[in-house]
Every structure is written in structure tokens, then in C-alpha cells.
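Trainee: Here's the letter readout for the chains.
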Amino acid sequence: MINKFVSSVAEAVADTPDGATVMIGGFGTAGIPDELIEGLIAQGASDLTVVNNNAGNAEHGLAALLKAGRVRKIICSFPRQADSYVFDGLYRSGQVELELVPQGNLAERIRAAGAGIGGFFTPTGYGTELAKHADGSPKETREIGGRMYVYETPIHADLALIKAERGDRWGNLTYRKAARNFGPIMAMAARKTVATVHEQVALGALDPETVVTPGIFVQAVVRVDRVATQAGGIKP
Amino acid sequence: MSYTRRSKDELAARVARDIPEGATVNLGIGQPTLVANHIPATREVLLHSENGILGMGPAPAKGLEDYDLINAGKQPVTLLSGGAFFHHADSFAMMRGGHLDICVLGAFQVSATGDLANWHTGEPEAIPAVGGAMDLAIGAKQTWVMMDLLTKQGQSKLVQTCSYPLTGIGCVKRVYTDLATLACTPQGLVAIDMVEGLSLEALSGLIGLPLRTA
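Chains as they are written, first to last, in my numbering: chain A, 1 to 236; chain B, 1001 to 1214.
Fair warning: there could be bad hints in the mix.
[Unchecked claim] Simulated restraints on C-beta separations: (1) GLY1154/B / GLY116/A: 25 to 31 Å; (2) ALA205/A / LEU1064/B: 24 to 30 Å; (3) GLN95/A / PRO1060/B: 35 to 41 Å; (4) GLY19/A / PRO1124/B: 48 to 54 Å; (5) ASP47/A / ARG1005/B: 40 to 46 Å; (6) GLY118/A / PRO1060/B: 30 to 36 Å; (7) GLY1098/B / ALA202/A: 25 to 31 Å; (8) HIS156/A / LEU1064/B: 36 to 42 Å; (9) GLY1057/B / GLN200/A: 29 to 35 Å; (10) GLU99/A / ARG1005/B: 16 to 22 Å.
Keep in mind the hints are simulated off the structure, nothing from the lab.
We treat Cβ as the ideally placed atom computed from N, Cα and C, and that holds for glycine.
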């Protein structure tokens, strides 16, 4: 019998190695899998590369992982927020490396990894500072149909931590409102994907026409209690 | 002759006036968000939010905030009947794929030919953050900028060449400011309208660039 439900967050993230690339779903605080991040902090893996849209809010979730000194590098589009002071401090003191990626390129690089694409040409960022490699050399460009494009590579991960709403034992998932954001594509891009759900449902209970993430992209599911998503990224 | 600047709401109303019935529109973080308040209820306009919402509605009543339903600025919003949620790759395909009719963005600087600088001041102490600005700038069928014409120090934000790091090249079609509305063209700036009492010559003087009229 296939059963992807695991009984605890600790069990779900137990095998995370040092140096892993970890994708974490969420935009602002919506869709951030706080319980899984707390589990990763307790598990102890370090020297991590984290992929998330932002760089943490206040001192919980991703900010707590940063504060615990577990993150070597963050790949994101929008690190600077009203309450991103943990990241700001680490970045200014050179304790965390930043790869800044335009948000659509971030999403498409994640999608490409999950879809087995070796990279793609995008018009986004052409002619800007973000069309350069970390060493300052220009990324490959190409003219296609009279327009200029930049070559971007896929982002693969060892582990994806995502927050869903309902799930069954085959790993089929649905999400809640705009908390969906990066969940479906990160689930595709990681060797192992762990999802939290608020409702554990029987096979067949999810309408097959509305399954958002098919179970093939999910390796472990943990049921967690619902906690209302808190405001984040804005001035109180 | 004296003239009065458009207030933030007057500027938002001026932008809203040009958004046609049936348009799909993305309003950027900050000032552009105000435009939604000035689209008449009789005009059906679909608002897109980069985090995966089409058919975004206004802010909820106090006490009904749901932080799983937020806009690009992370403020709570609502969903209209008929609205839809989708993941980030689809959301940015809507931009990059040319499916959005209009996006309205803030800016540090815009060049006469429509280069946009709105993501980074380039100062050594500044932490860069780009978000969806580069995707929006080059993706929408029309990119409009909404900003004050002059900096607090009185320098024009419409320039011959942007000194701040670029967001996109030649992507801005129109600039709505507190003093005038202008089009960016490969041949330079075209004045569309000015606040009452401001002459074309005086506007050209403030900007420091030649202007044509439509």
C-alpha cells in the first residue's frame, strides 16, 4: 500500500544532509510551511542553499532558519521587506550570500527543473544587471524573432518544503487561495518534496478534476493543525 | 501663470481614466495600487496579482482579513466572483507571454525612449530587491509609469539616460505624473496633457528635454 503520510515533521525532514539545496514555498507569509522550517531547524542541517521568493519575516520561519546560522546562500527575488531585518543584518555583514533573480525567472527556472528542461531564453532582465553571472560576466543572449533574450538555467533542489491544504495518502494536493504560489512548481523541482496539509482525506475525496499537485511530485505528507496565516512583509 | 500639482488621488484617477472596459491590468506595489479605487464600478476591469490571483477585489472589511489572500504588496485583498488562483509559473507566463493588457508601475527614472529604472538605487548600502518588476516591465502589452515628475530635490525623473540600474529597455509607453502625462517614443517624449496653467515650454524646462505634442 502506498502511504505518503508520515506521523511527524521530524520524520519528514530527518534525512536532510548538510549542504542541501532546499526550496521553501511561500510569498510573504502566505504558503510558508512554518512547521517544516521549524522541523529543519531542529533537525540541524547546515550550510544550506535556500530558494524562496523572500528572505524571511520577523524572527519566525525562514528568518529563524537564517538566524540559526544554517543558510549559506539564498536564491530569491525580493529579500528586502519591512520586517526582513534578520536577513538584512546577515547580508550586510557578509554572512549570507544572495543570488537575486527576477521573480518570473525564479518561477520558470524552478518549473524548468521539474519539467526536465535544460534552460530557456527569456526576455526578462535583458540589458540589466541581473543578466550577469555572480562573477560579473554576461549571461548568454540570443536574438529570436527580432527580440533579445537571456539564457537562464534550471534550479534543482534536494528538498522542497511546501504548504498545502488537503492531501490524500497518494500525495495528491490542493492549496488554499494565494498560498498556492510556488508550491506546485517547487514540488516538481525537488528530489524529495514534503508537504503539510490541514486536512488528511481518503483516496477519492479530492475531486480528480481539481487536484492541483498530482501525488507523483510528492514524497511525504504531514498533517498539521491549522494556524491562521499571520500578516508579514508589511508595516504593522 | 501658476499651476497646481495633481494630488495622489487625482493622479490615480487620471491613470484610471485611460484603462478601458475589459482590460486585464496589473497594478504595481505602492502608488499604482491607488488606481483601483478610481475605476468606476460600471467598467469591468480584471486585476492580476503576481502572486497568483486574477479577478482581485478590494481590501476586505476590518476583521475579515485573510493573509492567505494578499496582493503583491502583501496587503490583504478579496477575490471577485469569477476570480481564479494559479501558481507562480502560470502567473508570470501571463506577464511574459503578453497576456496582460496594461501594467502600472512606480519608477525612480524613465528615459525619453522608455527605459525604466525602478528596482535598485545602486547605492552600496542598499539591499537590492527586484520582485516581479522586470517581468512586468517587458511583459505587459503596455507598461505605464506613475510617479512624481520631480524628485524632492527638484530634479526631473524623466531623463535622457537613466543613471540608476535598468529594469527594462524601451518598455515604458506612457508616464503619468503629478504635472503632466507623456508618451515615451523611439523619437523621444510626447506631451499628452499638462495640469492647467503649465505651458509646454515650462514643462520642457522642468524636464530639461525637448517635447513634442501629440
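Trainee: All hints, please: hold or fail.
Mentor: Hints and how they fare:
1. Separated by about 55 Å at the C-beta atoms, GLY1154/B and GLY116/A break the suggested range of 25 to 31 Å.
2. Between ALA205/A and LEU1064/B, the C-beta spacing of about 28 Å keeps the proposed range 24 to 30 Å intact.
3. Taken as a hint, the range 35 to 41 Å holds for the pair GLN95/A and PRO1060/B, whose Cβ atoms sit roughly 39 Å apart.
4. For GLY19/A paired with PRO1124/B, a C-beta distance near 30 Å fails the hint of 48 to 54 Å.
5. Roughly 53 Å separates the CB atoms of ASP47/A and ARG1005/B, a value that falls outside the hinted 40 to 46 Å.
6. One distance hint, 30 to 36 Å for the beta-carbon pair GLY118/A and PRO1060/B, is violated here, with the actual separation near 44 Å.
7. In this structure, GLY1098/B and ALA202/A break the distance hint of 25 to 31 Å, their C-beta atoms being roughly 43 Å apart.
8. Between HIS156/A and LEU1064/B the beta carbon distance is about 40 Å. The supplied range of 36 to 42 Å therefore holds.
9. For GLY1057/B and GLN200/A, the hinted distance range of 29 to 35 Å is satisfied, since their beta carbons lie about 31 Å from each other.
10. Our hint of 16 to 22 Å for GLU99/A and ARG1005/B is violated, since their Cβ atoms are close to 41 Å apart.
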